[in-house]
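Visitor: Letter by letter, the chains look like this.
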Amino acid sequence: MIRITAICLSLGVALASGIVQAADGNAAAGKNKSSMCAGCHGIPGYKTAFPVTYSVPKLGGQHAAYVVKALQGYKSGDRTHPSMRAIAAGLSDQDMLDLAAYYASAAVLSASK
Amino acid sequence: MKKMLFTAGCAALLAGGPVLAANPVAGKEKSKTCAACHGPDGNSAAADFPRLAGQHYDYLVKALADYKAGERKNAIMAPQAANLSQRDIEDLAAFYSRQAGLSVKY
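Protein chains in written order, with the working numbering: chain A, 186 to 298; chain B, 21 to 126.
Think of the hints as simulated: they come from the structure by calculation, not from any bench. As the structure is a prediction and not an experimental result, all values here were calculated from the model. One should not assume that every hint holds.
[Unchecked claim] For lysine-lysine, the following DSS-like pairs were computed, each having C-alpha atoms within a straight-line distance of at most 27 Å:
(1) A:Lys218 <-> B:Lys48
(2) B:Lys52 <-> A:Lys260
(3) A:Lys254 <-> A:Lys216
(4) B:Lys93 <-> A:Lys254
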């Protein structure tokens, strides 16, 4: 009985960790997919030109889960920025996870104040 | 000539007015509600809530204005932004944009 329970438990842990792994992004793969992003998000001080002018958001150190949620929002149309909608339309779920893992991995400075 | 310089100086001060109006100290005071999700300095602990620390001032202003106008939709942020004045938005953006956190990555 104890043995069966132990086997079930380890199976459960293995399955659970498998699921977590499948939902993880690969930062190295994300870097390779980020060339489209870098033209705006990778240039310090870069501003959008359309439809209104403001600085494109910094992504280095942003939470991966939030980046994925934002990209899904652009793909579904919940978020409306035209350039981001066009780019997100071509991203798979795995692309989003990989890009998010890449951007999240920047060293985040601890706040001094 | 002196008078002209004085006039030019006054004009420059007035033109700079709206930028100077954003007050990060007042923003910190107004950020207590935000801190529950975004962290005391905008470095949120929970991954679902975006880091705001170090984000561009004008992007933060735009995001809050869009939530307030209903152009950006979020069940949590809509009622929060609805109560903010333009001055509140600018103060909060001034506070968060001055904290250490996000960076430009490429």
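Visitor: Now tell me, hint by hint, if it's right for this structure.
Guide: Verification of the hints:
1. A:Lys218 <-> B:Lys48: violated, 37 Å
2. B:Lys52 <-> A:Lys260: Given that 27 Å is the threshold and the Cα spacing comes to 33 Å, the pair is violated.
3. A:Lys254 <-> A:Lys216: Distance of about 19 Å is within 27 Å: holds.
4. B:Lys93 <-> A:Lys254: holds, 13 Å
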